[in-house]
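**Q** Take a look at the letters that make up each chain.
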Amino acid sequence: MTATAVQMSRPGPDPTGDWAVETHGLTKRFGVNVAVNGVELLVPRGCAFGYLGPNGAGKTTLIRTLLGLTRADAGTMALLGIPVPSERSRALARVGAIVDEPRFHAHLTGRQNLRVLAAAREPAAEGRIAPALQRVGLTERADHRVKAYSMGMRQRLGVAACLLGDPELLILDEPMNGLDPAGMHEMREMILTLVGEGRTVMLSSHLLDEVERTCDAVAIVDRGNIIRQGPIQELIQGAKQMVQVGCSDPPTAARLIDEAHVALEVAVGELGLTVTLPGGTPKDVLADLNRRLVEGGIAVYSLQELRTTLEEWFLGVTSRLGEPA
Amino acid sequence: MSDLAIDVAEPALPEDQPARDLPARDRRGSWAPTWGLVASRMLELRKRRGLMVAVAILTFGIPVIFLGIRLLLHTIAPSSYGPAGSPVVFQGLSDVMRQFGFIAAATLGATAGTSDLSDGVFRHLVVTGRSRLALYLARIPAGLAVVLPCIAVGFTVVCLSTSFLGTANSNTMSFNGVTVPKHLDASQLKTWIDELSPSKMEQLIGGPPAASTDGSGPAGKQQATQLPTLTPAMIKLAADQQMGALYDGYLQAEKATVNPPMNEMVKIGLWIELEVVVAFTVGLGFGSLVGQRTVATIMMIVLEIIVTPLAIGVRIPHLINAQRLVVGVAMQQLSPAAMAGFGRGGGGPGGEGGLPPMPHWALIAVIVGWIVVWSGLGAWRMVRRDA
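Top to bottom, those sequences are chains A and B.
Heads up: the first sequence runs through residues 1139 to 1463, numbered per our numbering.
Heads up: the second sequence runs through residues 993 to 1379, numbered per our numbering.
Read the hints as simulated data drawn from the structure, not as lab findings.
Some hints could be false.
[Claimed, not checked] Label-pair restraints from in silico Cβ distances: (1) GLU1239(A) <-> ASN1255(B): 38 to 44 Å; (2) THR1286(B) <-> GLU1278(A): 45 to 51 Å; (3) ASP1347(A) <-> VAL1365(B): 41 to 47 Å; (4) SER1110(B) <-> HIS1282(A): 18 to 24 Å; (5) ARG1376(B) <-> GLY1336(A): 49 to 55 Å; (6) LEU1369(B) <-> ASP1281(A): 35 to 41 Å; (7) ASP1281(A) <-> GLY1283(B): 28 to 34 Å; (8) MET1044(B) <-> LEU1330(A): 43 to 49 Å.
[As the list claims (entries may be wrong)] In silico contact screen, one side only, chain A against chain B (beta carbon under 10 Å); selected entries: (9) VAL1233; (10) PRO1261; (11) ALA1263; (12) ILE1309; (13) GLU1433; (14) GLY1434.
[Said to hold, decoys possible] Residues of chain A placed beyond 12 Å of chain B at every Cβ, according to the derived structure: (15) GLY1194; (16) ILE1370; (17) GLY1417.
Predicted model, so just to flag it, every value in this text is computed and none were measured.
Idealized CB from N, CA, C, for every residue including glycine.
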């Protein structure tokens, strides 16, 4: 996966290709509202991929469309290289998914719910119930009714249900919802382990921090449109660079830096200067700025590159900056 | 999730599937439900305790309790209370089972048609890739496998109690106070009456014919007391004139005192089971169509206890053919002869004041039509529905 993925020409679905999920011009409307607007999404195989966006951005609608839970109005899509919805059954045979919150028959036990779901899959799925329960740590509570389960236990049962099909691709919609910090940590560990086994995990979330910790690549979605997609590090590298400069005479230092014509913005603050440089500025430029300040008689105490977080970058590229969450 | 971090380090799940193709035995795209799918739907229904208790009460609970009480009372005071089983009890309980069986099956069908939606499991099932049509069709055998045995158990209890806990079948019966042999046809009855003494004959016909002599059955005893004593010739004449009505009365009396034969019991049992099949499939289809169990259940009960009796009992000019399209009308006209006089206007086809009889092909067409159309609508909605 590269940052150039969105600039690719539109290839047809390819079972041998590198994409676990591939959509072209995917559109879903609800009346006049366009929930998914011509989405071009490419999710590489064997990675954790975050589908990131604020509430109401169309994340769940895209997942529902991919899984055939609702019909697309336009566009093409493929899962694991198999076109859907034309070959939906074949594609979904190796896909596990949680959509919205995981809900089950409350009057059945966890094990019985998995039996119901396994019966809808291939015969071998029945044999995977016990390993799946063990894997998510529900073996001891498997014979309790689901109505007595906590939200976290239901999330885990949802993951167990996903594993019944021994999936190559897992699509998890807001998997961290309702989990306490320990539960989120364990879910993150499990996702990383699944990816380590060669599976692809696509998760939607509005939790930037969790996506940054869990995923290798992201797509940023806002109002039904994908704004950017690519590896997180590459995307962040494309953002503006911030450098904090601690010095003896900030106003003079600001003037000297400004005269170098390399900075986009220089701000004088209590802690010194905050210099904004274009994304991808070479380290040599920082060394040159330091030399100018010293030669100008400024005592430089510190020169620290500020790491741009995914959240700062996200707020910078989406239109939701300043809007209430 | 305390032990999750440990568990995730365990080996991967069995890798027994080829990478990108469906396994050879996997036919999840097929519309035909697998046995496993049917069994899982049955499990989902069976584990609904409240529903199962209601179905059990409505199907075999009521006859068992009713017969148990009658048996107890008869055991305690046989002179005051008759035996638990009797032809009249059999007919009454059969009709109760038919009506309550309909309601139980309709409720079960509506639940089967909506439970996945209301519990939020439908989307989990859809993302397995299994054909939605197969998911729908699996519910039909699953639900019928629950409700049909319940009805069978209840009806078997009724049949056994009628056969073994009732009055033993004798060769004679009391008809208008006269002991009469059973199983006579019209000519045999006439011959037998001709051989009676004048007083017995007068008692049998209930007195002389009315002054108007319209030939409409035996006159009442009150009428007889108002007339002078009759000669044997006049009594014989009156008996001859009323022979048709006498034979009808004889048959009714025989039916009320003779247990239905085994083949008639089987017919009634199959008829009740057919009613249950109709109720379940229509409830399932309607539930799947509207997506709400309560609405579907209420509408089915309204159909059974309001619409159907009205359609059977009231002849609406210009709408007779529409009335005939009500499935309950067809079911009533299909009822076995032993159920005559019971239930929704009773009496098989063409009951008095009701609709004229329909040909058998029309009865079958209406019943099959209801099953097919509602199943089709339910399946269509399930296939098209956003999950």
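**Q** Evaluate each hint against the coordinates.
**A** Now the hints, each set against the structure:
For GLU1239(A) and ASN1255(B), the Cβ-Cβ distance of about 57 Å falls outside the hinted range of 38 to 44 Å, so the restraint is violated. Against the hinted window of 45 to 51 Å, the Cβ-Cβ separation of THR1286(B) and GLU1278(A) comes to about 37 Å, which falls outside the hint. Our hint of 41 to 47 Å for ASP1347(A) and VAL1365(B) is violated, since their Cβ atoms are close to 55 Å apart. Here the CB-CB span from SER1110(B) to HIS1282(A) is close to 21 Å, well matched to the stated 18 to 24 Å.
In this structure, ARG1376(B) and GLY1336(A) break the distance hint of 49 to 55 Å, their C-beta atoms being roughly 37 Å apart. Remark: the range hint 35 to 41 Å for LEU1369(B) to ASP1281(A) is upheld by a beta-carbon distance near 38 Å. Between ASP1281(A) and GLY1283(B) the CB atoms are about 31 Å apart, so this pair conforms to the stated range of 28 to 34 Å. For MET1044(B) and LEU1330(A), the Cβ-Cβ distance of about 44 Å falls inside the hinted range of 43 to 49 Å, so the restraint holds.
For VAL1233(A), the suggested interface contact is upheld, since its CB lies about 7 Å from the closest CB of chain B, less than 10 Å. The restraint placing PRO1261(A) at the interface with chain B holds, with a minimum CB-CB distance near 6 Å, inside the 10 Å limit. Taking 10 Å as the C-beta cut-off, the interface hint given for ALA1263(A) holds, the closest approach to chain B being about 8 Å. Annotation: ILE1309(A) was flagged as interfacial toward chain B, and the flag holds, the nearest CB pair being 8 Å apart, inside 10 Å.
The beta carbon of GLU1433(A) is not positioned within 10 Å of any beta carbon in chain B (closest approach about 55 Å), and the interface hint is therefore violated. The restraint placing GLY1434(A) at the interface with chain B is violated, with a minimum CB-CB distance near 54 Å, outside the 10 Å limit. For GLY1194(A), the shortest C-beta to C-beta distance to chain B comes to about 18 Å, beyond the 12 Å cut-off, and the non-interface label holds. Annotated as non-interface, ILE1370(A) keeps its C-beta farther than 12 Å from every C-beta of chain B; the closest such distance is 23 Å.
No beta-carbon of chain B is positioned within 12 Å of the beta-carbon of GLY1417(A); the least distance is around 37 Å.
When the structure is compared with the earlier hints, violations turn up for hints 1, 2, 3, 5, 13, 14 and for no others.
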